[in-house]
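Model the full assembly from the supplied sequences, consistent with the hints where possible.
Next come the chains, spelled out residue by residue.
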Amino acid sequence: MPVDLNALRNAVLNNQNRNDALPSNPSKQVVVDREGNVKIGTNVQPGEVTTQVPQETFAHNLQLQP
Amino acid sequence: MNRRFKSDSDHVAQYLPAATKHQSIDGKDVWIFNKNTELGILFKIAIYFDPDEEPAGYCAQLLSPEIEDAWKNPHVGHIFNDGVICLGGGSMRTRKTLRESFSKSCLWAEGIAIMMQSNLAGSPTEFPFSNNNDPDEIE
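Protein sequence lines, in the order shown, are assigned to chains A and B. Residues in the first sequence are numbered from 10 upward in steps of one, following the numbering used here. Residues in the second sequence are numbered from 37 upward in steps of one, following the numbering used here.
These are calculated hints, taken from the structure and not from any lab test. Do not rely on the hints blindly, as some may be mistaken.
According to the in silico footprint, chain A covers these stretches of chain B (three or more CB under 8 Å from chain A) [unchecked claim]:
(1) 49-63
(2) 106-114
(3) 118-132
(4) 138-152
(5) 155-168
Quick caveat, the model's predicted, so the values are computed rather than measured. Ideal Cβ positions, reconstructed from N, Cα and C, are used throughout, including at glycine.
Spelled out as structure tokens, the structure:
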């Protein structure tokens, strides 16, 4: 099932804003399956092999120039 | 066979695409996989452990496609000039595990694919999956 890219963006940004890189709630998790397909945690099938995506901001430590 | 190679091989076999290739380059074990995005843009990404990074860890390097030079910035395309993908966290260039590097690079590919497609359509957009982009540098 294709991932809804808008829902994916909302999930990732919400987690970044909460500083919750590895949420335990599947509805907030973002995972990839073996082929690298990105999914929301609630769309994972029972027994499916996945890896959770750490959702920290991509450039965590750098500060923007004023 | 060293311990890291054995562990990495096991993780690749279990968690990365079945077609992932191994190459030994400059003494490093490099794992190369294809990542197809929702928008149909295909990426080739290499993952390897780099002991010379600070901190040492697993880098994810973009091999293809080419992206705009102006996007090679940790706050624009979230990729460094040398092609290493910015993976966030405390280190940015590395992750502690091969699986973290793999999963984060796949999310990055989905994001940069959106930038590429929107740029081609004449409506450039910022990287969609990070909350600290530099909004003045998307074109």
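Outcome of the hint check:
Counting residues of the stretch 49-63 of chain B whose beta carbon lies closer than 8 Å to any beta carbon of chain A gives 5, which reaches the threshold of three, so the coverage claim holds. Under a criterion of three residues with beta carbons nearer than 8 Å to beta carbons of chain A, the stated coverage of the stretch 106-114 of chain B is upheld, 3 such residues being counted. With a cut-off of 8 Å between beta carbons, the stretch 118-132 of chain B has 7 residues touching chain A; three or more are needed, and the interface restraint holds. For the stretch 138-152 of chain B, the stated coverage by chain A is satisfied: 9 residues place a CB nearer than 8 Å to a CB of that chain, which reaches the threshold of 3.
Using a Cβ-Cβ cut-off of 8 Å, 6 residues of the stretch 155-168 of chain B lie near chain A, which meets the minimum of three, so the contact claim holds.
This entry satisfies every hint, going by the numbered hints stated previously.
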